[in-house]
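Asker: Chains as they are written, first to last, in the UniProt record's numbering: chain A, 1 to 351; chain B, 1 to 351; chain C, 1 to 351; chain D, 1 to 351.
Fair warning: there could be bad hints in the mix.
So, partial list: chain B residues that the calculated Cβ filter (under 7 Å) puts toward chain C [claimed, not checked]:
{"hint": "1", "residue": "W82"}
{"hint": "2", "residue": "G99"}
{"hint": "3", "residue": "A139"}
The calculated SDA-like cross-link candidates involving lysine to any residue, where the alpha carbons are at most 20 Å apart (straight line), are [claimed, not checked]:
{"hint": "4", "chain 1": "D", "residue 1": "K306", "chain 2": "D", "residue 2": "G289"}
{"hint": "5", "chain 1": "B", "residue 1": "K136", "chain 2": "C", "residue 2": "D351"}
{"hint": "6", "chain 1": "B", "residue 1": "K136", "chain 2": "C", "residue 2": "D318"}
Treat the hints as calculated values from the structure; they're not laboratory data. Just so it is clear, CB atoms sit at the ideal spot from N, CA and C, and this is done for glycine as well.
Number of protein chains: 4
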Amino acid sequence: MTSTRPLTRTFSSDNTAPTSPEILEAVARAASGPALPYGADAYTADVNRQLSEIFERDVDVLLVSTGTAANALSLAALTPPWGSVLCHRDSHINHDECGAPEFYTAGAKLVLLGGGDAKIDPGELRTAVGHMAGDKHSAQPSAVSVTQATETGAVYTLDELSVLGSITKDAGLRLHMDGARFAGAVASLGCTPAELTWRAGVDLLSFGATKNGTMTADAIVVFDRSLTTELTFRAKRAGQLPAKMRFHSAQVGAYLADDLWLRNAAHANAMAARLQEGLDKIPEIGRLGTVDANMLFCHLPEQVTKGLLAEGYVFYHDRWDPGVARFVTSFATSEQDVDDLLDAIRRHSAD
Amino acid sequence: MTSTRPLTRTFSSDNTAPTSPEILEAVARAASGPALPYGADAYTADVNRQLSEIFERDVDVLLVSTGTAANALSLAALTPPWGSVLCHRDSHINHDECGAPEFYTAGAKLVLLGGGDAKIDPGELRTAVGHMAGDKHSAQPSAVSVTQATETGAVYTLDELSVLGSITKDAGLRLHMDGARFAGAVASLGCTPAELTWRAGVDLLSFGATKNGTMTADAIVVFDRSLTTELTFRAKRAGQLPAKMRFHSAQVGAYLADDLWLRNAAHANAMAARLQEGLDKIPEIGRLGTVDANMLFCHLPEQVTKGLLAEGYVFYHDRWDPGVARFVTSFATSEQDVDDLLDAIRRHSAD
Amino acid sequence: MTSTRPLTRTFSSDNTAPTSPEILEAVARAASGPALPYGADAYTADVNRQLSEIFERDVDVLLVSTGTAANALSLAALTPPWGSVLCHRDSHINHDECGAPEFYTAGAKLVLLGGGDAKIDPGELRTAVGHMAGDKHSAQPSAVSVTQATETGAVYTLDELSVLGSITKDAGLRLHMDGARFAGAVASLGCTPAELTWRAGVDLLSFGATKNGTMTADAIVVFDRSLTTELTFRAKRAGQLPAKMRFHSAQVGAYLADDLWLRNAAHANAMAARLQEGLDKIPEIGRLGTVDANMLFCHLPEQVTKGLLAEGYVFYHDRWDPGVARFVTSFATSEQDVDDLLDAIRRHSAD
Amino acid sequence: MTSTRPLTRTFSSDNTAPTSPEILEAVARAASGPALPYGADAYTADVNRQLSEIFERDVDVLLVSTGTAANALSLAALTPPWGSVLCHRDSHINHDECGAPEFYTAGAKLVLLGGGDAKIDPGELRTAVGHMAGDKHSAQPSAVSVTQATETGAVYTLDELSVLGSITKDAGLRLHMDGARFAGAVASLGCTPAELTWRAGVDLLSFGATKNGTMTADAIVVFDRSLTTELTFRAKRAGQLPAKMRFHSAQVGAYLADDLWLRNAAHANAMAARLQEGLDKIPEIGRLGTVDANMLFCHLPEQVTKGLLAEGYVFYHDRWDPGVARFVTSFATSEQDVDDLLDAIRRHSAD
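Put together the whole structure using the sequences plus the hints.
Answerer: Shown next, in the form of structure tokens:
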């Protein structure tokens, strides 16, 4: 009853993967008895404790059903309706959320900045944080949102992040991180989660889990805990306070336990690196951008694209620019899957 | 790691129950392979087909993570921002959703009506549907929302519903049903789901599943399919379009298969009836209102309340009025649980 | 080109009156030269100074084009989207603004309280300020809005206001006053504007001027000046920052100068008192409620209503209850107008 | 009590001008008697009739207090919350309204397009109207907003407008025109108002009047009259339904009578042309862009800017780019004012 396309040939997104066995088992365990609703259960308390340990300080946590909800709720807590959110032109919050940030913030604006590898250019940010500040005719710069890893699979270095964090904080703005692929960024950099977030000035983190192992649960990690009460009310009225919260918490709890989240991410990253290495040996393929995490862009000759599709491969192509294809790996991608893909590309390149 | 209070003594809400084994199995099956994201999977298609059969006509379905989201999205599709939603004073959308309907509708008003057993009084509705209609100074009556079963556990008869439906439709308004306990109402009335909804004029149904068996999935059943496109965009921007939709769909699919939803509801109803029968034989207990579904209100002497709490019973008391208690049964409540509760009440009544 | 109904027989509302000559002259003076736009002009600065003197403390002022805008902006600054505004069931913000408060607040709720003469009952307020406070399932009591004078023409005494103010402040809520007829209340009580507002706990005042003399200008008087910046941005994005602000300011400046606002209000009140006195001598007429300001309700026999309408009288009747009529006087109502109306009522009562 | 800077040296904006004498007289006349409130008066009916004649078809009209309100209300009627408005990067709705469109539309997005002279590039529009159409992850292109005259003082020709109108309509989108300087565009092109609006596909026009003669009144001209009811409710809840509407209507009525609006605009345009002609003879001054209406951009040597400021001239400089200045003329600018300005620039250029 699943997709007729085999997982082994599905590289369209990390959200086509199923879930980690440990997570499924945790959900089954959580189904073994009753629990108080709306987060007043032991599973939810555990997640809070786990994330506080992982981030090396007391944090609050809100579990939500989608990354869109995590992002939009976070931005609503950081930006007044007359504020603006500075973000990259190619960010998910701008392109792929059908206006969720505008909805949740009651009409704040996204102000779009450029920069290579979908990273915000510090110079553009420096100008934007003060643009029309205090002028009552203009939306007021209020928050900055960085995506880590970026939409093109690059990862901000700690230094890069530190620069953006300083510009943001020096201007009195708040800092949000869209961490839909946060685990991949941590695995890629080998740094601590703390270094990558609050130590760099992040106030709220959308802690993505669905793309890297869970089924239906993402989280907001709250470093500025003065925002927790507001976030709680906002989450409830957004329909993001599930009665049986424990079934979200059990997923995230298992995802965090024994570093499953980091192991999954490291594997996905390794599969993308393996693909990169293979592609770089095929002269007909023009690779694009930096591959820091689990995503890779390249130019594919038309007959390669056609050949892959004919074999049942699933991936985005000709969406950004003609001839450009994107391949995404996940915790469920095997070395064999990658090698088979490389083999197919090689074959069709030689056609 | 679950609640320290045993399920057997938890009567606070049907949302403290875990999930049906069939649903857990379905989720595990859905985890066995890849699937296209955002509802483009076979599980979601199946749910659509199942609900179309159950309701005896082609319907569209949106799967959401909470009943609050189902209600608020539905009302937003039925009411313009300058509209009003006519509902019972004691309805969930008024009391328990922290303004979600106002948020999703961009500021529509709830106009509150009275009536016994938390059912809308037809006379009040008749007046309200035309109140200030066409007057630009006033929010315009646009939709009616009925709760089936009601917040006090009563169930509108088909005749009662038909009267409200006619008043609504004759006035040109739209009809929403908050069916957080819809299965219980169907089981109680023994009618068809079609009779209880679109045949009575319902345009959109919040099809509750969480309280009656699923873990984290509810649904909107769309009878007026001209609303589907709008609902889809609204759901996405509300953060209610999960990437791995199949894990919601698998829950609801198993919930619908082999009448599990009706069997669960019939059981919960029977447990409440058993409790009612037992209580009515205890002279010290004053029962309140009609028990059509899985919920029961009564006056408890203070020493009974104290005694039950001391034994680890969990239930709401002194919330609506001093001395008033509420007991809710679920698919997971056993006859023994009810008999034990009755026994305890009897014992403490005799103190 | 004006209404075919003479002003002398128009008692439907104080908003049918034209404007005071002093105000027209001030507008003409303001048209004699250039001025910086958006409130950076001398007229606007003057209004700020005048109102600071009148209220015996430094206040900030926002000039807006309607009382609806004054109310909705004020409530948006005092209530978060998940908050509720406690107000009287018969208040203007509930009945006559087509959901403007809900729009401006991004979906806060109005919670409706009862009380005689359209004054909030202190007992109901005491219960409401704490209702579900802190419960994430419920909109949070955040502000109280009192109407002074009330929608039925009564005026809260200083003592009554002080009680409501204390309940509000003790519960940590904010206090808004809808002063669409504020001048009438001051004139009626003979107290200082300060006593009636910030000394009683009022944070923001909708300072009505249109009904009592200006053409198109009302104001928000800001006692809690920490709200001014937010209000300014909210006003701009609401379309309430006119380029040629001086033409609003000139109106309000003249309205305030030489106590014109109080003289106009005292006259309107006196005309209502004269009408009351006359009606109380006509046994067929049943007067209703308290007449503290410029508005009066009564039961009219059907033939009286018909007779008045036939003579070209304009007034609301049969809108609240069958047989109930409302008469409103204004600064432009003359003693002769009132005496003629009384004469007509007497004649038709004797029919 | 007016600005200490003389009007004769104020070129910062056309909104620093006072009002036309005819308009002041009309307001005085409207103050001579009573009138029914909220637009049920003869003045408002007259404006409707006048604009229907001017636009050669039955139109509906909403009078509002600012251009921001006209724009934001119009866009809210043309765009659902999940829609996007395609507009020029430099448009007023993007830069100068503090998010009013986002507020009124409940969170729609502005999608920014380029093009010379602040006119939308047809090629960019052609791509944008179909961008992600039908994709539930993306805000849906719903309306196009053109500014006529543009923010840089250029005017779309009828042919240019026709191309944009066709692209818009062929894609099924709605067309809004921000006509804050609409009169200037008509005067510049010498075409009929109909040609410039509904014949080119415009559904709703923000008919600016304040910058060209009125005091506090602008209008929305509704060509698609199916939108009127919605606009009326939206206007009321936005605080844009003034009780004494006649004082807005009287202004607009006089503005339209005897072609005052076109005479004022033609004069303002002529003054800008005179300034252009003079500047083009001063070799030190680098003029920028097209001068079709009443606005002119140029490069000024630093000593010229300093010299003008020292003499009390008021104008924007160094706001867009270093060294760039803007001069705006109005109906109140005299030939002598322009000649004096030219003389001053000549003098300081020779320093």
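Asker: Does each hint hold? Answer for all of them.
Answerer: Do the hints match the structure? See the list:
1. W82: Since the shortest Cβ distance to chain C is 6 Å, the answer is holds.
2. G99: This hint holds: G99 (chain B) lies near chain C, its Cβ roughly 5 Å from the closest one there, short of 7 Å.
3. A139: This hint holds: A139 (chain B) lies near chain C, its Cβ roughly 5 Å from the closest one there, short of 7 Å.
4. D:K306 x D:G289: violated, 23 Å
5. B:K136 x C:D351: violated, 37 Å
6. B:K136 x C:D318: Holds - the C-alpha atoms of D318 (chain C) and K136 (chain B) are around 19 Å apart, at most 20 Å.
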